[in-house]
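K.L.:
So you can see what is in the structure, the chains are spelled out below.
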Amino acid sequence: MEFTASQIASFIDGKIIGDETALITGVSPIENGESGHLSFIAQDRFSHYLDTSKCSVIIVSENLVAKDTYNPTLIAVKDAYLSFQVLMNLYQEMQGRKQGIEDGSSIHETAIISDNVYVGAFTYVSEKAKIGEGTQIYPQVYIGKGVKIGKNCKIDSGARIYDYCIIGDNCVIHSNTVIGGDGFGFQPTAEGFKKIPQLGNVIIEDDVEIGSNCSIDRATIGSTIIGKGTKIDNLIQIAHNVKIGQNNVIAAQAGIAGSTTIGDWNQIGGQVGVVGHIKIGNQVKIQAQSGVNSSVSDRETIYGSPAISYNDYLRSYVHFRNLPEVVKRINNLENNSKDKTNE
Amino acid sequence: MEFTASQIASFIDGKIIGDETALITGVSPIENGESGHLSFIAQDRFSHYLDTSKCSVIIVSENLVAKDTYNPTLIAVKDAYLSFQVLMNLYQEMQGRKQGIEDGSSIHETAIISDNVYVGAFTYVSEKAKIGEGTQIYPQVYIGKGVKIGKNCKIDSGARIYDYCIIGDNCVIHSNTVIGGDGFGFQPTAEGFKKIPQLGNVIIEDDVEIGSNCSIDRATIGSTIIGKGTKIDNLIQIAHNVKIGQNNVIAAQAGIAGSTTIGDWNQIGGQVGVVGHIKIGNQVKIQAQSGVNSSVSDRETIYGSPAISYNDYLRSYVHFRNLPEVVKRINNLENNSKDKTNE
Amino acid sequence: MEFTASQIASFIDGKIIGDETALITGVSPIENGESGHLSFIAQDRFSHYLDTSKCSVIIVSENLVAKDTYNPTLIAVKDAYLSFQVLMNLYQEMQGRKQGIEDGSSIHETAIISDNVYVGAFTYVSEKAKIGEGTQIYPQVYIGKGVKIGKNCKIDSGARIYDYCIIGDNCVIHSNTVIGGDGFGFQPTAEGFKKIPQLGNVIIEDDVEIGSNCSIDRATIGSTIIGKGTKIDNLIQIAHNVKIGQNNVIAAQAGIAGSTTIGDWNQIGGQVGVVGHIKIGNQVKIQAQSGVNSSVSDRETIYGSPAISYNDYLRSYVHFRNLPEVVKRINNLENNSKDKTNE
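Protein chains in written order, with numbering that gives the first Met the number 0: chain G, 0 to 342; chain D, 0 to 342; chain A, 0 to 342.
Keep in mind that a hint or two might mislead.
Below, computed lysine-lysine pairings styled on DSBU-like, alpha-carbon distance capped at 35 Å [said to hold, decoys possible]: (1) A:Lys194 - G:Lys278; (2) G:Lys194 - D:Lys227; (3) A:Lys339 - G:Lys327; (4) D:Lys194 - A:Lys144; (5) G:Lys153 - G:Lys129; (6) A:Lys150 - G:Lys153; (7) A:Lys97 - D:Lys193; (8) D:Lys147 - A:Lys53; (9) G:Lys194 - G:Lys127; (10) D:Lys153 - A:Lys97; (11) A:Lys194 - G:Lys150; (12) A:Lys194 - G:Lys144; (13) A:Lys153 - D:Lys144; (14) G:Lys127 - G:Lys144; (15) D:Lys194 - G:Lys193; (16) G:Lys193 - D:Lys150; (17) D:Lys284 - A:Lys284; (18) A:Lys147 - D:Lys144; (19) A:Lys150 - D:Lys127; (20) D:Lys53 - G:Lys147; (21) A:Lys193 - G:Lys97; (22) G:Lys129 - D:Lys97; (23) A:Lys153 - A:Lys278; (24) G:Lys153 - A:Lys242.
Honestly, the hints are just simulated from the structure, not real lab data. Since the model is a prediction, treat every value here as computed from it, not as a measurement.
Let the hints inform the model, and build the full structure from the sequences given.
P.N.:
Spelled out as structure tokens, the structure:
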């Protein structure tokens, strides 16, 4: 990264206050500004950094500019937060996409690799797999038989995608995530547990992002489904036959047990557990660490293990914290009552 | 997959009702039947699908057949669920096992590879490791020094098995699971934590299945042990020196801390935590998300964090939910009592 | 491993009681001693094993020796536990470090590999990465662009370290851990969630050990930081922009949400969840499975979800378990009160 203040100002249509040749080579959060770095200030409570920051260039919301000169070069814009996002997106696009098949990858002769695809070294692509245009597959990835991956996806190093799974367009799968491992299905017998074959697959729709070290199991029959636009954090378990709708956000270390159905626009907190065979509606909020053991209607907010209404849980928890006092009050009442009886 | 109704009927000794040349190329769950697919109906509550399903062939329990002709071809058997399982197992066996050493694997000259073994590309087998007959090791697996793997195992892509660990016959280890990483052992000193060498190993007995992204740590000295027939789901932590008996089922994201001993035929729910140095008996059920901090006797069912008897937890939780009401009742009693005192 | 009793005695300056030529080829925990193995006894409650153990050689604290002869050969020292640790460390050092670049690794021509480095097969080192002296990188590791790794580190098989992350000296990163994956940052819009570029990095200071299957996300801008001497167990989530200080111990399956700051010498239990944007002080103890949703002062011990003072939680939990009885007492009081009113 190496830009002048005037280059940056031109990207975001900003007004320079100070040295337009100031050079930046990196980006800092405003609390830890470094010389030669760019940062931004969009809120009044950070505006004292305009005077004290070591950053060389700061993008600032124009209403926060109070003087004619500052130590750093400022770039004044309407909304510094938005302009900074625009800039970061631009920067990421400038990095370009990787392209080409690296030496040392293993691609089956029947696999179909579209144009402008990147396949890194030590990646293994099995028979009849199909990789869509512009998709980047980093080193050391495993792609099973008949897998279909759409356009413009990014599959990070060490991801594993098992036979016949389907991934849409514009998806990101982070490192060491496993898609299409066998579901956890066993028949109990007197001698032990007998494996139930897991013959379905996983379908991941367009615009899904899945973090690192997740396990998304294949269906017993049919498909485990992750709907369009859903974003899944790290270390998450999605069991066999789960169906997740569109635009959900699921935080790290949550787990969804088998055959549960989840609607659209839900927010599921970190370390939440959801039992199998239930239905979560739409726009539901599940607080972190909750244990959900029954179906949930649209727009509910829930908390606790087992999870109940968020407000009810908090109200009960206040009394839980106060239980020693509550019991003391009962003791007093009993003593009073006895006193009275003895009167 | 491509079978006619008559081929399927012959595998499971069923009676065809309809077109015996009907062709199936896949399998659907009955709720989402597709044309050209096979499904099954074993319960009365699904029998309306006999008339409405798009499936081409349906295996059905004979007592559910009420008419002479149906739209799909039916295959009537005594127990449709069992017959379907038989069929799925048959189908999986037909897929065959992979065999042979793929180009691009790295196998130490002192390693012993038995007959009919598959070793995928980019798999690394260290010195003096031994791989038993018929075992399949997928691409990108790491096998450490002196590791012993039994017969007919399947080790999925990206699994890591560290030095001197031992795996029995007929085991399945899924992708990105790490067996024999160092236990978490540090000596506190004034300057910081000093690593305690972890010199033991992990022993996995016959017929064990371990899901993806699990961490099974090696013992400090001696062995961490997973007993015969035990099934472990995804994202599970088994700490150093844990001993797990036979035929346990452990659900996703559970964690067992160091040196704990677990008997046989236990069921451990998802996201359960078990502290170190305790003893879980046999046939114990631990509900999901429980935190077990003391030893548990045979046949108990427990819940909560810290975990107590399942029924006691549920009973107390009912009152927990009702605490605001309970406290209101105490307020009333106190007011009444004051009123009386004032009388 | 093959040593005589006299060799071992010389390493730890011990006094032999018995056959000084006794040969050991392995190490057992004292509860499961094996012939030909070494063990140790440092506590009186284990001293009956001096007579019954099958071990060939036992290191024993001198105050526990009560007779002139025992079946196994004894090596008497002041503190058997410490001497055993010394011995195990010595043994591990004897194993030596791996060295050299294995065939089949892929190292970019602009990467800098220092002296005495090991790079295993199928490991991928990207452009301008720098690997310090004596560092061992096992097979199948991914090292991104511009990554800097210090001296004498060990990076286990399947670890992934993304672009521009920095790792200090003497660090251990276990298998399949992902360092520098994108933080989980999305802008909600009416059409769905828009990715916020994650352009920062991860900085891991000296003497840090990170277990297997962990996810340590890169900062949005700036750095996610793991401080000197901190030890992190398996399956742990550290979100973007988290700052962790020195000499912390974090147990398996814990998760720390974005932008939270953690001081020094804290102990964080297994499966703990910490919300984002809060501050944990120093020498704090967080009990396993706790959910921390507000800042915590130095030296507190906390428990519960949401977490409160450890003692308060336990006191309240005693009453929680007793709630059915508590409610019965209220019923009685109400009945008495009614009786009185009716009198």
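K.L.:
Now look at each hint and say whether the structure bears it out.
P.N.:
Against the structure, the hints:
The suggested pairing of Lys194 (chain A) with Lys278 (chain G) holds, with an alpha-carbon distance near 28 Å, which does not exceed 35 Å. Taking the CA atoms of Lys194 (chain G) and Lys227 (chain D), the gap is about 14 Å. The hint holds against a cut of 35 Å. Among the hinted pairs, Lys339 (chain A) with Lys327 (chain G) is consistent with the structure: their alpha-carbon atoms are about 22 Å apart, no more than 35 Å. The hinted pair formed by Lys194 (chain D) and Lys144 (chain A) meets the criterion: a straight-line CA distance of about 30 Å does not exceed 35 Å.
The hinted pair formed by Lys153 (chain G) and Lys129 (chain G) meets the criterion: a straight-line CA distance of about 14 Å does not exceed 35 Å. Our distance criterion of 35 Å between C-alpha atoms is met by Lys150 (chain A) and Lys153 (chain G), whose separation comes to about 32 Å. Proposed proximity of Lys97 (chain A) and Lys193 (chain D) is supported: the alpha carbons are some 22 Å apart, at most 35 Å. Restraint check for Lys147 (chain D) and Lys53 (chain A): the C-alpha separation of about 25 Å stays at or below 35 Å, so the hint holds.
Proposed proximity of Lys194 (chain G) and Lys127 (chain G) is supported: the alpha carbons are some 27 Å apart, at most 35 Å. At roughly 29 Å between alpha-carbon atoms, Lys153 (chain D) and Lys97 (chain A) fall within 35 Å of each other, so this suggested pair holds. A hinted pair counts as satisfied when its Cα atoms are at most 35 Å apart, and Lys194 (chain A) with Lys150 (chain G) qualifies at roughly 17 Å. The hinted pair formed by Lys194 (chain A) and Lys144 (chain G) meets the criterion: a straight-line CA distance of about 30 Å does not exceed 35 Å.
This hinted pair checks out: Lys153 (chain A) and Lys144 (chain D) have alpha carbons roughly 17 Å apart, not beyond 35 Å. The hinted pair formed by Lys127 (chain G) and Lys144 (chain G) meets the criterion: a straight-line CA distance of about 6 Å does not exceed 35 Å. Among the hinted pairs, Lys194 (chain D) with Lys193 (chain G) is inconsistent with the structure: their alpha-carbon atoms are about 41 Å apart, more than 35 Å. Distance restraint check for Lys193 (chain G) and Lys150 (chain D): the Cα-Cα separation of roughly 18 Å lies within the 35 Å cut-off, and the hinted pair is therefore satisfied.
Taken as a hint, the Lys284 (chain D) and Lys284 (chain A) pair is honoured in the structure, with Cα atoms around 29 Å apart against an allowance of 35 Å. Pair hint Lys147 (chain A) plus Lys144 (chain D) holds up; C-alpha atoms about 29 Å apart against a cutoff of 35 Å. With a CA separation close to 29 Å, the supplied pair Lys150 (chain A) and Lys127 (chain D) stays within the 35 Å bound. Distance hint between Lys53 (chain D) and Lys147 (chain G) is fulfilled; the C-alpha atoms sit about 25 Å from each other, no more than 35 Å.
Distance restraint check for Lys193 (chain A) and Lys97 (chain G): the Cα-Cα separation of roughly 22 Å lies within the 35 Å cut-off, and the hinted pair is therefore satisfied. Restraint check for Lys129 (chain G) and Lys97 (chain D): the C-alpha separation of about 21 Å stays at or below 35 Å, so the hint holds. Under the criterion of a C-alpha separation no larger than 35 Å, the hint pairing Lys153 (chain A) with Lys278 (chain A) is consistent with the structure, at around 31 Å. Only pairs whose Cα atoms come within 35 Å are accepted, and Lys153 (chain G) paired with Lys242 (chain A) is accepted, the gap being roughly 28 Å.
Figure legend: structure checked against the earlier numbered hints; the only hint not met is number 15.
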